[in-house]
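Taken in order, these protein sequences are the chains called A and B.
Residue numbers for the first sequence follow our numbering, so the first one is 1 and each next one is one higher.
Residue numbers for the second sequence follow our numbering, so the first one is 1 and each next one is one higher.
Please keep in mind that the hints were generated in silico from the structure rather than gathered at the bench.
Watch out, some of these pointers could steer you wrong.
[To be verified] Taking lysine-lysine and the DSS-like style, the derived pairs with C-alpha atoms no more than 30 Å apart in a straight line are:
| id | chain 1 | residue 1 | chain 2 | residue 2 |
| --- | --- | --- | --- | --- |
| 1 | B | K21 | A | K165 |
| 2 | A | K148 | A | K137 |
| 3 | A | K136 | A | K165 |
| 4 | A | K159 | A | K135 |
| 5 | B | K42 | B | K184 |
| 6 | A | K136 | A | K159 |
| 7 | A | K148 | A | K136 |
| 8 | B | K237 | A | K100 |
| 9 | A | K165 | A | K148 |
| 10 | B | K21 | A | K137 |
| 11 | A | K136 | B | K21 |
| 12 | B | K21 | A | K135 |
| 13 | B | K42 | B | K190 |
| 14 | A | K137 | A | K159 |
| 15 | B | K21 | A | K159 |
| 16 | A | K159 | A | K148 |
| 17 | A | K100 | A | K135 |
[Stated by the list, open to error] Per the computed footprint, the stretches of chain A lying under chain B, defined by three or more beta-carbons under 8 Å from a beta-carbon of chain B, are:
| id | stretch |
| --- | --- |
| 18 | 84-98 |
| 19 | 238-246 |
[To be verified] Covered stretches of chain A, as calculated for chain B (at least 3 residues, CB under 8 Å):
| id | stretch |
| --- | --- |
| 20 | 73-81 |
| 21 | 107-113 |
Don't be surprised by glycine CBs; every beta carbon is placed ideally from N, CA and C.
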Amino acid sequence: MGIQESGRVRNEPSPGNFSVSGMAKGAGPPLIEVCGLAKSFGQVPAVVDVDFEVGEGELFGFLGPNGAGKTTIINMLTGLARPDAGSIRIAGIDCSLDPKAAQHLVGIVPDESNLYPELTGFDNLCFCGALYGMKKKAREARARDLLKEFGLSEAAGRKFGGYSKGMKRRLTIAAGIIHEPRILFLDEPTTGIDVSGARQIRRVVSDLHGGGTTIFLTTHYIEEAERLCDRIAFIVSGRIIRTDTVERLIEPVLERHVMHIAFSRRVPELDKKLASAFPRIECCVQGEGLVRIEADEPVRVGPIVRFFEEQGVEVTEARRMRPSLEDVFVRITGIEAEAMRKEKEKMGGGV
Amino acid sequence: MREWIAFWNILVKDMRAYYLKPPNISWGLIFPLAWTGMFFVKSGGEVSSVMSLLPGVVTLSILFGTTSMLAVTVTFEKRNRSFERLLLAPISLELLMLAKTSGAIAFGVANAFVPIVMGAFLADLSGVAWPSVVPAVVLIAVASAFLGLFIAVSVSEVFEAQTFSNFFRFPMIFLCGLFFPIEKLPTFLKPLSYMLPLTYGADILHGAFSGSSVLPPVADFGLLLLFCLLLFIVSLKNVRTRWIL
Ligand SMILES: Nc1ncnc2c1ncn2[C@@H]1O[C@H](COP(=O)(O)OP(=O)(O)OP(=O)(O)O)[C@@H](O)[C@H]1O
Ligand SMILES: [Mg+2]
Chain A
1 MGIQESGRVR
11 NEPSPGNFSV
21 SGMAKGAGPP
31 LIEVCGLAKS
41 FGQVPAVVDV
51 DFEVGEGELF
61 GFLGPNGAGK
71 TTIINMLTGL
81 ARPDAGSIRI
91 AGIDCSLDPK
101 AAQHLVGIVP
111 DESNLYPELT
121 GFDNLCFCGA
131 LYGMKKKARE
141 ARARDLLKEF
151 GLSEAAGRKF
161 GGYSKGMKRR
171 LTIAAGIIHE
181 PRILFLDEPT
191 TGIDVSGARQ
201 IRRVVSDLHG
211 GGTTIFLTTH
221 YIEEAERLCD
231 RIAFIVSGRI
241 IRTDTVERLI
251 EPVLERHVMH
261 IAFSRRVPEL
271 DKKLASAFPR
281 IECCVQGEGL
291 VRIEADEPVR
301 VGPIVRFFEE
311 QGVEVTEARR
321 MRPSLEDVFV
331 RITGIEAEAM
341 RKEKEKMGGG
351 V
Chain B
1 MREWIAFWNI
11 LVKDMRAYYL
21 KPPNISWGLI
31 FPLAWTGMFF
41 VKSGGEVSSV
51 MSLLPGVVTL
61 SILFGTTSML
71 AVTVTFEKRN
81 RSFERLLLAP
91 ISLELLMLAK
101 TSGAIAFGVA
111 NAFVPIVMGA
121 FLADLSGVAW
131 PSVVPAVVLI
141 AVASAFLGLF
151 IAVSVSEVFE
161 AQTFSNFFRF
171 PMIFLCGLFF
181 PIEKLPTFLK
191 PLSYMLPLTY
201 GADILHGAFS
211 GSSVLPPVAD
221 FGLLLLFCLL
231 LFIVSLKNVR
241 TRWIL
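Working from the sequences, and respecting the hints, build out all of it.
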């Protein structure tokens, strides 16, 4: 898994990645400022010289594959891990010196649902509210509201240990926002959740964002990042490769023409053969019977179908694709989004 | 104020989730009862032996009650990652650990009074120096709870915590002068006895029950306090270095 050095996107001037001006439109002054952050576990460099800023009210996303360092960065920002180097400021408070100093401002939804299995849903929420100093009446009222909002009122009196995976995830998110934090960290909120559950969670995230909460989200689902985030950082092997708004990231590929060709059986050295037959296109074999073709001008289907017929292979489908953030991600990182998703699903995830 | 709301709720949650569960309550009762019964039967139930046995049985009940609890409230929660919630809450690590140990301390103190109540049926306890028994019981519970904390944060699995605490607990039965005086131990073991906190707790109790203490109460209390402080500081340091990576 390497990082492609070529790619038009990479050569685009990067408009002040980490300056306030690089933030999304409407974002306030920086609420999270990270500079030169680094962390190794023994010989493994988990995070390497990472800089970024998140403006007040912004929804900022970290998009990267397994082991990219997303969770490690969240842990350092929230005080669960100690950076080897670099500085962290949250709401102007220097957290590198005292990781506890800003904890009252943030809410955290970890990658695993880690509430108390022996407590009920309602008690779990009330307990989390109490951890942030909420008074009894206030936390009970808020817990009831959240249970209703997350469709868990029926299960409020049941033990968390007996909840389904999706219910656990929803309650964990509710627990992260019970104290109405100014900043919310969401570590892969929809991993392992079914389609409707994931949609519901995204709606909640959008609503929170609409309400002015600053959100830092990590995900490996490109569509999720594209749909939700104001700004995205691509992170691979502990390094941020590119940070920008979704519009600016996607701009260079909007002019591209992309087509997926499905065919009946494997062709040896297909990419080389295609490249020599069609020098103006870029192709990428994506599996046994699928090739992705990209070009600066519209791709004509006829010659391509004929090419395959000459190889003794039947084209079963040719589909024009709308260029997406996925194309940008693949170009910049060299990582196939599909591979990233499958890897995660193997580990028990899946949207 | 915010921190104290968190403190109180951590304590109440542990009590409800772990301590006040029937298995723990029965364990808290049966264990001291069994110890007390065993020793009294062996000694023939004489009044003088009740007075000499009670300090040891009380100390043991506290020790086993508190240390087993910390393996659950700390190691188990660390294992299933719910402990991260506490580390992420805006509450100082000192107060958090006090909240986690307070339940165990209260549980230990309650355990201590099981053999005392039983002893009251067998012997006349009116001559006991209660003003030093009560603080001694509390301090022994604090020292045991902090020993349990030290063990709980040094391991990552609950079974390891149990094994590791037995490594401390069983030798302490013999080394801390619970049932026979430290003077009777082989010379090479005596320094070890004085390096264990329960020695001082048991000494205060022996003094209070039968007037047979080795050190003056002030020294015992002072040293016991010192052990509590030391164990707490080392445990906090362990949490900071081992759990906040
Ligand atoms: N406690 C740890 N001990 C040793 N190595 C660790 C530890 N935590 C993380 N790492 C390593 O640091 C790197 C980054 O891990 P991290 O969990 O931050 O990745 P991630 O982007 O969150 O991945 P995922 O999408 O799988 O959650 C990985 O190589 C991982 O093996
Ligand atoms: Mg992660």
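Going through the hints against the structure:
1. Pair hint B/K21 plus A/K165 holds up; C-alpha atoms about 27 Å apart against a cutoff of 30 Å.
2. Of the supplied pair hints, the one linking A/K148 and A/K137 holds, its CA atoms being roughly 17 Å apart against a limit of 30 Å.
3. With a CA separation close to 28 Å, the supplied pair A/K136 and A/K165 stays within the 30 Å bound.
4. The straight-line distance between the Cα atoms of A/K159 and A/K135 is roughly 23 Å, inside the 30 Å bound, and the hint therefore holds.
5. Distance hint between B/K42 and B/K184 is fulfilled; the C-alpha atoms sit about 20 Å from each other, no more than 30 Å.
6. This hinted pair checks out: A/K136 and A/K159 have alpha carbons roughly 20 Å apart, not beyond 30 Å.
7. Annotation: proposed proximity of A/K148 to A/K136 holds, straight-line Cα distance about 18 Å (limit 30 Å).
8. Restraint check for B/K237 and A/K100: the C-alpha separation of about 16 Å stays at or below 30 Å, so the hint holds.
9. With a CA separation close to 18 Å, the supplied pair A/K165 and A/K148 stays within the 30 Å bound.
10. Distance hint between B/K21 and A/K137 is fulfilled; the C-alpha atoms sit about 26 Å from each other, no more than 30 Å.
11. Between A/K136 and B/K21 the alpha-carbon distance is near 24 Å, which keeps this suggested pair within the 30 Å criterion.
12. Distance hint between B/K21 and A/K135 is fulfilled; the C-alpha atoms sit about 26 Å from each other, no more than 30 Å.
13. Between the alpha carbons of B/K42 and B/K190 the distance comes to roughly 26 Å, so the proposed pair stays at or under 30 Å and holds.
14. Annotation: proposed proximity of A/K137 to A/K159 holds, straight-line Cα distance about 22 Å (limit 30 Å).
15. For the proposed pair B/K21 and A/K159, the alpha carbon gap of about 15 Å is at most 30 Å, so the pair holds.
16. This hinted pair checks out: A/K159 and A/K148 have alpha carbons roughly 17 Å apart, not beyond 30 Å.
17. Taking the CA atoms of A/K100 and A/K135, the gap is about 21 Å. The hint holds against a cut of 30 Å.
18. Under the rule that three or more residues need a Cβ within less than 8 Å of chain B, the assignment of the stretch 84-98 of chain A is violated, with 0 such residues.
19. Check result for the stretch 238-246 of chain A against chain B: violated, 0 residues qualifying (beta carbon to beta carbon below 8 Å, three or more required).
20. Judged by the Cβ-Cβ criterion of 8 Å, the stretch 73-81 of chain A is covered by chain B as claimed, because 5 of its residues qualify and three suffice.
21. Only when three residues or more bring their CB closer than 8 Å to a CB of chain B does the claim for the stretch 107-113 of chain A stand; here the count is 3, and the claim holds.
Hint compliance for this structure: hints 18, 19 are not met, and every other hint is.
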